[in-house]
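All chains should be built: construct the whole structure from the sequences, respecting the hints.
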Amino acid sequence: MFGTSDERRILWQHMREPVLTAFALLVMLGINVALGATLPFPHVWVVELLVAAVMVATILLFSMEVRHEPPLVKLFAGIGFFWVGILFTMTLVDYLSRA
Amino acid sequence: MSAGATDGAVGVKLVSHFATVEQQKRAAVLGMWAWLLTELLLFAGLFLTALILRLLHPEAIQEAARHLKFWIGAVNTVVLIGSSLTMSGAIQLSRLGWQRGMVRFMLATAALGTLFLLLKGYEYYADYQEHMMPFLSDRPYELKDSPPSRLFVNLYYVATSLHGLHLLTGITILLVMTWQAGRPGFLSRHQNRIEIFGLYWHFIDLIWILAFPTLYVLNR
Chain A
1 MFGTSDERRI
11 LWQHMREPVL
21 TAFALLVMLG
31 INVALGATLP
41 FPHVWVVELL
51 VAAVMVATIL
61 LFSMEVRHEP
71 PLVKLFAGIG
81 FFWVGILFTM
91 TLVDYLSRA
Chain B
1 MSAGATDGAV
11 GVKLVSHFAT
21 VEQQKRAAVL
31 GMWAWLLTEL
41 LLFAGLFLTA
51 LILRLLHPEA
61 IQEAARHLKF
71 WIGAVNTVVL
81 IGSSLTMSGA
91 IQLSRLGWQR
101 GMVRFMLATA
111 ALGTLFLLLK
121 GYEYYADYQE
131 HMMPFLSDRP
141 YELKDSPPSR
151 LFVNLYYVAT
161 SLHGLHLLTG
171 ITILLVMTWQ
181 AGRPGFLSRH
191 QNRIEIFGLY
201 WHFIDLIWIL
211 AFPTLYVLNR
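Those sequence lines, one after another, are chains A and B. Here the first sequence is numbered in UniProt numbering, starting from 1 and rising by one per residue. Here the second sequence is numbered in UniProt numbering, starting from 1 and rising by one per residue.
FYI, nobody ran anything at the bench for these hints, they're computed from the structure. Check the hints yourself; a few may be wrong.
As the list claims (entries may be wrong) - Here are the simulated DSSO-like cross-link-like pairs (lysine-lysine), alpha carbons at most 27 Å apart as the crow flies:
| hint | chain 1 | residue 1 | chain 2 | residue 2 |
| --- | --- | --- | --- | --- |
| 1 | B | K120 | B | K69 |
| 2 | B | K144 | A | K74 |
| 3 | B | K25 | B | K13 |
| 4 | B | K144 | B | K120 |
| 5 | B | K13 | A | K74 |
| 6 | B | K144 | B | K69 |
Computed from a predicted structure; not experimentally measured.
In structure tokens form, the structure reads like this:
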């Protein structure tokens, strides 16, 4: 498919970041699966949510390439997730703080 | 054989209502993000409801979650991460103008998306066998003495089938686009379609990355 060494070199130059991103996502998934399967400590859900959040940030920044977008798109994407953050925080603070 | 047997110019054809190609490309990206964020809010409401159910009825939700196919969910996450990689490959090759390689990566992406749906279908079938479909009136629900678990399981089906619908839509669009992208000159006129569709595909992956821990992992 990619016959010449030049083509393979160019391909690797362009695919290096997507491959590393996929590898990082698989490692983080492995951590979450291991934690979910073994439940090693009582509040393991905090770590699981943090790992999921890092996975989402990885997809946004590297797979969806938000970091290369113009400021307006960065602002737009950031506000969207920030809004969801407000939604989750305010709702969960209510439920978690009930007697 | 060269990866780009039909190599040619890469670009975007300017349409009349834009002043420049750059403006046209940026408007397309911003428009796609506007739509993706409405989708994010839709799914966020479902995931938040699942978390609240978990807080209010921990035992019932854990009991229901024990019936979910944790390992199929994990394998499906690997499949979607793989499909994101092949989609990124298609985008990279479209930028290089390597049309044939790009088409192959697009087909691989569609194949992985289809594999996800097949595994999900098997999971639903196993749930059916275990009487874990509370919305079926003619099939007694396994946890019938636990109303909160019924809520959670129904929510699980709403969230995962909605995600599956998005994936099915994505596969259909991808196959049509692959058919178009195989034609000579596609990349010289419509390269940014690959980029815009890539945003959608990665977003489907992102939603599943949130769905898997919210539904399968946290409730164990």
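Evaluated hints:
The straight-line distance between the Cα atoms of B/K120 and B/K69 is roughly 10 Å, inside the 27 Å bound, and the hint therefore holds. Distance hint between B/K144 and A/K74 is unfulfilled; the C-alpha atoms sit about 47 Å from each other, more than 27 Å. A C-alpha spacing of about 10 Å is found between B/K25 and B/K13, which places the hinted pair at or below 27 Å, so the restraint holds. At roughly 24 Å between alpha-carbon atoms, B/K144 and B/K120 fall within 27 Å of each other, so this suggested pair holds.
At most 27 Å may separate the alpha-carbon atoms for a hinted pair to count; B/K13 and A/K74 meet this at roughly 25 Å. For the hint pairing B/K144 with B/K69, the CA-to-CA distance comes to about 20 Å; that is within 27 Å, so the pair holds.
In terms of the numbered hints stated before, the structure departs from hint 2 and from no other.
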